[in-house]
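There are 2 protein chains.
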Amino acid sequence: MSRRLRFRRREILLLPEKRAGGSLSRRLLLRALLVFAFAGGVAHTAFAQTDPLPSWNDGAVKKSITDFVARVTTQGGPDFVPPAERIATFDNDGTLWPEQPIYFQGAFAFDRVKAIAPKNPAWKTQQPFKAVLENDMKTLFASGEKGLVAIAVATHAGMPVEEFTKTVLDWISTARHPRFNRPYTDLVYQPMQELLAYLRANGFKTFIVSGGGIEFMRPWTEKVYGIPPEQVVGSSGVVKFQIGADGKPVLMKEAKVEFIDDGPGKPVGINRFIGRRPILAFGNSDGDLQMLQYTMAGTGPRLALYVHHDDAEREYAYDRNSHIGKLDKGLDEARAKSWPVISMKRDWKAIFPFQR
Amino acid sequence: MSRRLRFRRREILLLPEKRAGGSLSRRLLLRALLVFAFAGGVAHTAFAQTDPLPSWNDGAVKKSITDFVARVTTQGGPDFVPPAERIATFDNDGTLWPEQPIYFQGAFAFDRVKAIAPKNPAWKTQQPFKAVLENDMKTLFASGEKGLVAIAVATHAGMPVEEFTKTVLDWISTARHPRFNRPYTDLVYQPMQELLAYLRANGFKTFIVSGGGIEFMRPWTEKVYGIPPEQVVGSSGVVKFQIGADGKPVLMKEAKVEFIDDGPGKPVGINRFIGRRPILAFGNSDGDLQMLQYTMAGTGPRLALYVHHDDAEREYAYDRNSHIGKLDKGLDEARAKSWPVISMKRDWKAIFPFQR
Chain L
0 MSRRLRFRRR EILLLPEKRA GGSLSRRLLL RALLVFAFAG GVAHTAFAQT DPLPSWNDGA
60 VKKSITDFVA RVTTQGGPDF VPPAERIATF DNDGTLWPEQ PIYFQGAFAF DRVKAIAPKN
120 PAWKTQQPFK AVLENDMKTL FASGEKGLVA IAVATHAGMP VEEFTKTVLD WISTARHPRF
180 NRPYTDLVYQ PMQELLAYLR ANGFKTFIVS GGGIEFMRPW TEKVYGIPPE QVVGSSGVVK
240 FQIGADGKPV LMKEAKVEFI DDGPGKPVGI NRFIGRRPIL AFGNSDGDLQ MLQYTMAGTG
300 PRLALYVHHD DAEREYAYDR NSHIGKLDKG LDEARAKSWP VISMKRDWKA IFPFQR
Chain S
0 MSRRLRFRRR EILLLPEKRA GGSLSRRLLL RALLVFAFAG GVAHTAFAQT DPLPSWNDGA
60 VKKSITDFVA RVTTQGGPDF VPPAERIATF DNDGTLWPEQ PIYFQGAFAF DRVKAIAPKN
120 PAWKTQQPFK AVLENDMKTL FASGEKGLVA IAVATHAGMP VEEFTKTVLD WISTARHPRF
180 NRPYTDLVYQ PMQELLAYLR ANGFKTFIVS GGGIEFMRPW TEKVYGIPPE QVVGSSGVVK
240 FQIGADGKPV LMKEAKVEFI DDGPGKPVGI NRFIGRRPIL AFGNSDGDLQ MLQYTMAGTG
300 PRLALYVHHD DAEREYAYDR NSHIGKLDKG LDEARAKSWP VISMKRDWKA IFPFQR
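Here the protein sequences come in this chain order: L and S.
Mind the numbering: the first sequence is residues 0 to 355 in numbering that gives the first Met the number 0, read in order.
Mind the numbering: the second sequence is residues 0 to 355 in numbering that gives the first Met the number 0, read in order.
The shape of chain L in the complex, shown without the other chains (with noise of 0.2 Å):
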């Protein structure tokens, strides 16, 4: 029960008899009315207490997204969408957890390269591992591409998917973000997880594309996400079916790249995996620009939505000047089209579920 309902009540409990005035009916009239007056407000309270985005401020944002909501699942309204219809997708990095200071698949990948240094000795001489193995970032980002694809051979093939997936679930129960000293998966956005299950419940089917793993993604995001492995897509390096020695099937990664889910791939990764076009896309960088722009070209109600990082203090506010790059194009053509445009810091109440 909300405190101002338990307020209302005491309100109705205390009503001194006098102050109601005149003849006995009328007094109970007045009760009546008060009572009904109670029983809407217990409506109205329950309303209000299930608020499905508690973690967003009211604003322009968030009513664009419950307004967004209500039209499409209006049956009989002009803009009603039936659920099968009701695609959602998400950007990962950056609008669903941080990307901060480095996308967590890459300290994954340094992490697995401090993992099996021992069994490759050579590393400690040899570049680009050298330079993870020292923490010298600066040398290993200047390696560029050549370097940091040489990094995720090493880390995320020549072994089973299955293997591989142990190695993600193991990282992922047992490392800590630099910054804030918690489990990556405690730094998963609370107004978006909360915007997930809404969506939800509402009908939706919500699917995660992004430049990410694919099989980095799936082993947690339906724990962490309520999103299952089949509705996550993301890049991918070529698998191979092979029977194993022991006579038994095996999925090989293998070290080539397959798919990489970003920028325009993203939209072929939603025709590839979903074959339908989403109606709600979010993003936040210009690699998700043509997603954002594949679906607001379809036709009927449609949503995009932008989260802009501006608050350095709960979290971190980078713009057109951040390592992670691929900044601009995205804001600007979310500003002059009009989507919704988050700012962490004026439209999310918390960040991270710790900070509720």
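Just so you know, nobody snuck in bad clues.
Since the list gives no way to pick one copy over another, a pair counts as held whenever it fits inside one copy or between any two copies.
The list that follows gives simulated cross-link-like pairs (lysine-lysine, DSSO-like), each with its CA atoms no further than 27 Å apart:
#, residue 1, residue 2
1, Lys-336, Lys-247
2, Lys-145, Lys-239
3, Lys-204, Lys-62
4, Lys-113, Lys-165
5, Lys-145, Lys-328
6, Lys-222, Lys-204
7, Lys-239, Lys-255
8, Lys-204, Lys-239
Honestly, the hints are just simulated from the structure, not real lab data.
Here the structure of chain L is known, so what remains is to put chain S in place on it, guided by the hints.
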């Protein structure tokens, strides 16, 4: 109400008082017992009425399915599987609908060649198109993979995904099967429709995993099988994101194979699209063998099923000697490993919905 139930009620209503004999109380007791028997009859008949697989004849195969579903859905039982993990995958051609006299997608491609031939006058003298236009299947199949790829490219690429979808929907609503003279979607196997619905009613998620084209199946699978596009895995061509001349984003189908979801490609496709090993898989050819092997190699309860086409009268009979080919290893392995082999003749009361 079943005929049997109606008959039992009549028996009760017509029961001559004198036949009951003895005192009133004895007659009342007998009547009460009959009413209980009657009530029992209702329950029993209600159960029989709601047999979820009425087009499956009783026998070992049907029992293997209902026993498996009972085991994995019995909460607290040793073989209980949480709903999220109840993944069931089905081949399409030859498993959910026929694949004779040719794969239906082949019939679509040939019809498309004929439809767009007026815009390609050179085809009158150019193979393999000439063969298609003259219904000369012998010459066509003699053109081998190269010829079939040329036809696939001419009919499946060089257009936006949405335009292709439209051609598929137009075709599937008008084309008719040469033998049965009915729309192809009338030819989905009734017992498989019942099985899909039965599994979904028991918390399974049903997927198609087909060597057929993903963009060919998705436009109609939801309406025909109750399987939404995001639960259809298939072969695919490369798709590219472009911004069209009108400034609108468009996904273009290119003349390049991306993924063949057949044979060893099926477990790879399952891993890519679903990210979870099925616990039940259903196929009918060597192209499904690795999917069945992969399904059975997991831990916990699992079921692989194999359709054997042995009913020339109601459908087709082909075993080792079919132009569809690839029917050797799958059937042998199914028999060797005691996977239930469905004899269409023995196990299916009806094959097509119109035969019920």
